[in-house]
Amino acid sequence: MGTVKVGLAVEDDSGLDSRVSSRFGRAPFLAIVELEDGEIGGVRVVENPGASARSGAGIKAVQRLLEEGVRVAVAGAFGPNAMTALEELGIETVELAGVSVEEALQRIRTRLQGQ
Amino acid sequence: MIEIAIASGKGGVGKSTVSATIVLAAARSGKSVIAVDADADAPNLHLIFGVREWEWEKSYVESKVAEIVQSLCTRCGRCREVCPYEAIHVDEGGRFAVNQVICEGCLTCSLVCPERGAIRLLSAESGRLRRTTTSYGFPLVSARLNPGRPNSGKLVTEEKSMAKELASQDSLVVVDSAAGIGCQVVSSLAGANAAILVAEPTPASFAALKRVFRLTRHFMQPAGLVINKHDVNPGVTEEMEAFARRKNIDLLGRIPYDDAIPKSMAVMKPVVEAFPDSPASRALMEVAERVMAIVDDWQSWFTRFRPREPEPYRPIIIRPEGLPGD
Numbered sequence: 000m001g002t003v004k005v006g007l008a009v010e011d012d013s014g015l016d017s018r019v020s021s022r023f024g025r026a027p028f029l030a031i032v033e034l035e036d037g038e039i040g041g042v043r044v045v046e047n048p049g050a051s052a053r054s055g056a057g058i059k060a061v062q063r064l065l066e067e068g069v070r071v072a073v074a075g076a077f078g079p080n081a082m083t084a085l086e087e088l089g090i091e092t093v094e095l096a097g098v099s100v101e102e103a104l105q106r107i108r109t110r111l112q113g114q
Numbered sequence: 000m001i002e003i004a005i006a007s008g009k010g011g012v013g014k015s016t017v018s019a020t021i022v023l024a025a026a027r028s029g030k031s032v033i034a035v036d037a038d039a040d041a042p043n044l045h046l047i048f049g050v051r052e053w054e055w056e057k058s059y060v061e062s063k064v065a066e067i068v069q070s071l072c073t074r075c076g077r078c079r080e081v082c083p084y085e086a087i088h089v090d091e092g093g094r095f096a097v098n099q100v101i102c103e104g105c106l107t108c109s110l111v112c113p114e115r116g117a118i119r120l121l122s123a124e125s126g127r128l129r130r131t132t133t134s135y136g137f138p139l140v141s142a143r144l145n146p147g148r149p150n151s152g153k154l155v156t157e158e159k160s161m162a163k164e165l166a167s168q169d170s171l172v173v174v175d176s177a178a179g180i181g182c183q184v185v186s187s188l189a190g191a192n193a194a195i196l197v198a199e200p201t202p203a204s205f206a207a208l209k210r211v212f213r214l215t216r217h218f219m220q221p222a223g224l225v226i227n228k229h230d231v232n233p234g235v236t237e238e239m240e241a242f243a244r245r246k247n248i249d250l251l252g253r254i255p256y257d258d259a260i261p262k263s264m265a266v267m268k269p270v271v272e273a274f275p276d277s278p279a280s281r282a283l284m285e286v287a288e289r290v291m292a293i294v295d296d297w298q299s300w301f302t303r304f305r306p307r308e309p310e311p312y313r314p315i316i317i318r319p320e321g322l323p324g325d
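Here the protein sequences come in this chain order: X and U.
All residue numbers for the first sequence refer to numbering that gives the first Met the number 0, where the first residue is 0 and numbers rise by one.
All residue numbers for the second sequence refer to numbering that gives the first Met the number 0, where the first residue is 0 and numbers rise by one.
No lab work stands behind these hints: they were computed from the structure.
Just so you know, even glycine gets a beta-carbon here, dropped at the ideal spot from N, CA and C.
Residues from chain U that keep clear of chain X, each with C-beta distances beyond 10 Å, as calculated: (1) Val68; (2) Leu71; (3) Arg77; (4) Pro138; (5) Phe205; (6) Lys209; (7) Asp230; (8) Asn232; (9) Met267; (10) Glu272; (11) Arg281; (12) Met291.
What follows is a list of derived Cβ distance ranges for each label pair: (13) U:Asn247 x X:Glu67: 36 to 44 Å; (14) X:Glu67 x U:Leu165: 28 to 36 Å; (15) X:Val98 x U:Pro261: 42 to 50 Å; (16) U:Gly104 x X:Val98: 34 to 42 Å; (17) X:Asp11 x U:Pro309: 26 to 34 Å; (18) U:Gly104 x X:Gly1: 40 to 48 Å; (19) U:Lys262 x X:Asp11: 46 to 54 Å.
Could you build all of it, start to finish, from the sequences and the hints given here?
Laid out in structure tokens, this is it:
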């Protein structure tokens, strides 16, 4: 399956221990995780430009994920605009929140294996 | 923590009255509850709860406005020609000045200005974010925007974060959202565990109810419905109830038309406090008691009214003609 990049909306900047946010566009950070054949290759936490946007937060967060080459986006909920943009770009969405990045990846592993 | 957003699509149908009753009922029963007034254009929960001063208040800055530095300006007037908002005018003394109420902070003026440093960007106060403990004992988080400053999902998100800081694990957070289905309302609903929709039996309110309901479905939220002034138009009330049954919305109650409500607003008290025996107050308290029961037995209500299938709200994309991608 090669390398897949997953982007998770997170509440804090603590690597794999960061908590997945209940919201996508206005989460403070985005965790970018590289999965190599299903194994976690590397994790980077970046600021979410959507968090400080007056409006269009979802779109800004999508843009950031697109720059990172992310194929799968994870958050508790995606707003209408973010959802549309992700769909148009063919980025898969997974709704999940309140767990660590590591646990989220465990839970969606089977879905990722299909990538 | 359970977060419930109160929304209606249409304004003036009773969101704040319902919110205030639920918050008050929770506080009276000894529950930890936090009220969030997420309608920064027309905040009113503080008026219902008779708040006269804030314990904490801060300036909310998120927009920028341009300013012309007079000592560096050569009065060439190019900024005025290009300003897309026509925000630059010449005053009686021939000086160029920016009308900071109209300015959107786009900085087009500075791109054409030949004088270095003659146009600078200042931060503008968009509004105030504030918090207090009401005389009923619970905290209220509120915000107000200055005229002309755009409404903001970011401001609502800040308010909700503040409420979360005040909340404990078994707190109830009640978010009284703005009217409409715009940015502020999306932020009010996003992350909430459930939505309580308020409507009155008029075609306008029914149409708005359907619009905001779609947003709750987008977020896969269970929803309840309160019909206010149900007796002024029984036909539409019946249609709304049929809609609620069809869509698996929990019918939480009907409130009769009652002038105790405007009278209570005049004395700056929740109606259930000012006129507890009025018909509207009795109906509102029944709604609030149902909500308390739902919160206490959350899982079973959630399981029953949670949407079965995701119904994402997708804006229709119109591509310019002749572009690939269809």
